Amino acid sequence: MAPEPVDRTTTAARVLPDSRLAGGELVPVPKPPASDDDELRVGDVDGWGRSERVRAIARRLYDPLYRRWFRVEWEGLEHVPKEGGALLVGNHAGAIPSDAPVIMHGIETELGRPLYGLADNLFRLVPVVGTLWSRTGGVPAHPDNAYRLLHDEQQLALVFPEGTKGTGKHVSERYQLRRFGRGGFVEIAMRAGVPIVPLAIVGNEEAMPIVYKSGRLAKMLNIPYFPVTANQFVFGPMLGLVLPFPAKFRIKVLPPVHFDAAPNQERYNRSVVIEHSDRIRESIQNAVYDLLRERKSIWAG
Amino acid sequence: MRILLTGLGTYFGSKLAQVLERERSVELVVGLDTREPVLPLEHTEYVKADSSFSILERIVTATRVDTVLHTHLVVDSTQASGRALHEANVIGTMNLLAAAGAAGSTVRKVVMKSSTLGYGANYTDPYFFREGTARSRAPRTRVERSLLEVGSIVGDFAEDNPHVTVTMLAFANILGEHLGSPIARMLRLPVVPEILGFDPRLQFVHEDDTIGALVYATLHDVAGVYNVAGEGTMPWSEVCSIVGKRRVPLPPFLTGLAVEPLRAARLVDIPPEILALLRYGRGVDTSRYREAGFRYQYTTAGAVDAFAQGLRLQSTVGRREYRYERDVENFFRHSPAVVRDRS
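First to last, the sequence lines map onto chains A and B.
According to our numbering, the first sequence is numbered sequentially starting from 1.
According to our numbering, the second sequence is numbered sequentially starting from 1.
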């Protein structure tokens, strides 16, 4: 793993024409101590199941999708800390959401820092998929995992507090943010003593809109929702479940939210947590509306 | 320090006795087991006892031990029937602690060797269990249930006997060349089973660190529960390739059914708790015992590497075992002909 110094400063509203780091190695972040037995290892899978080698391949494969298909544009990337832990929080959408891989790809190639994506532990049940998900930086969204990532290892983690309520929305409800869980993400950030960086994402809704939902089938299959997507009408029933539309992605990074609560507490005042959670949700919702006001075309931006 | 040690007939028990009898502060080691010691011992006294330790109170009173080291918990469910396992773990611990806590008992310290198996392995688990973390699902196997029960018995004992230092060490999967845990047995096979599509994170502790951790708890006062495991986790595929073994996939569905013929044919016995581990893996947070002052010699990678080296040696020279000869041992211990000079 050759450390490649990244000294590029990211400016607001810049397009990413070149991604030198895409497909290459990331700048290695300091690992927790006592891993000096590294020369005994033959693989590079870390304690979270993430492998930088697998990530590098994933980035190489995903890069065309990121740059040519979604033509992702960032705004305010300087708000993402270059070192230290931070919890990235965004709005979630699309039957099979593209926002998570887009953000992970963008942050890793732009900032040269790994980003761990906290997600539903249901992934772990699926053979092959679960392993690949884990190797590419997916981590079950357990409070202990989030705390260890953010506090002990000072990493970046990404979470979508809406969860499947966000991705399971009907197309008619697009960009109407759902409840942000019970504010657990605020509590984790407070406990870990790290800031929350809110992200407003536009394009994720149109990449794979749900036009019909079958509650009965979802119940039968024991999955959160059973979608029929617009993509399936265009690309066919199978391909339509995996191939998103080339909607233009714009991501606006809002200024980090710091908390003045003492870290490492067992519990935090519920009303303070809920208030912060609501305020962050509100700020993301407003930023999404701003982006939609500026957007002239779903496909061209 | 006068020590009562259970499980002397296992490699750990014998090795532990060997290390402890060399300690200057240790006056006496009395070892209990149904089986004879597996290593030569200089002056440890061996008492043959049934696994539920019914004669324990008499021994404690007679020898006036101040420290009880309980290494006899059965965590390998392939080695005992469900009933024997319950008997050894739950009833054995109950009797042991009853004797240690009896009126007039001289016991001031109890050290337990337990396992991280008690945390289970499930898809809803956190990646690193802390000492206080509860299981995310109720236990299904007998060995896990018995370990949880032992945990609560020990907790009650510690609460009722504040004058006794109670230490419970939860060991991750132990690897070492002297040892036959289910994982180690799988790694000794010509090809190693895996569950198709799953590559779990596993954590190991080297057998020397296991001994070291138990000795540390015996010689220092560290009350409470501690995870003991090498730093870091490693995917099963990597463990197999360091050991130099090919993997054969088991089907991801109905896996329990698929291993049944393997067990019947006596090829390999993978109990359900190990199948869960091969699917979801397990990691534990090890900072607490390190903060209590214990220093590891091996990380997880180091333990796997040492195990691989041991396998390579054994593939050339075979496994050497010590056979306990009662008369010879008695001669060395009690005959006036033997010159005993410990200082």
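Check before you lean on any hint, since a few could be wrong.
[Claimed, not checked] Example chain A residues on the side facing chain B (calculated, C-beta under 8 Å, incomplete):
#1 R41
#2 W48
#3 R124
#4 V128
#5 T131
#6 H142
#7 L254
#8 P255
#9 P256
#10 V257
#11 A261
#12 P263
#13 Q265
#14 E266
[Stated by the list, open to error] Every beta carbon over 10 Å from chain B, so not counted as near; a handful from chain A, in silico:
#15 L40
#16 R71
#17 R267
#18 Q285
[Unchecked claim] Across the chosen pairs, the derived CB separations fall in these ranges:
#19 B/E325 <-> A/P143: 38 to 46 Å
#20 A/V129 <-> B/H220: 41 to 49 Å
#21 B/L267 <-> A/I223: 31 to 39 Å
#22 A/I223 <-> B/L262: 28 to 36 Å
#23 A/I96 <-> B/N122: 21 to 29 Å
#24 A/E294 <-> B/R295: 41 to 49 Å
#25 B/E159 <-> A/R270: 30 to 38 Å
#26 A/P143 <-> B/P251: 53 to 61 Å
#27 A/I96 <-> B/L254: 25 to 33 Å
#28 B/L267 <-> A/S172: 56 to 64 Å
Hints were generated in silico from the structure; no laboratory data involved.
Bear in mind the structure is a predicted one, so any value in this text is a computation, not a measurement.
The beta-carbon is built from N, C-alpha and C at its ideal position, and this holds for glycine as well.
Handout entry: Non-conforming hints, listed in increasing numerical order
Key = 7, 8, 9, 10, 11, 12, 13, 14, 15, 19, 24 and 26
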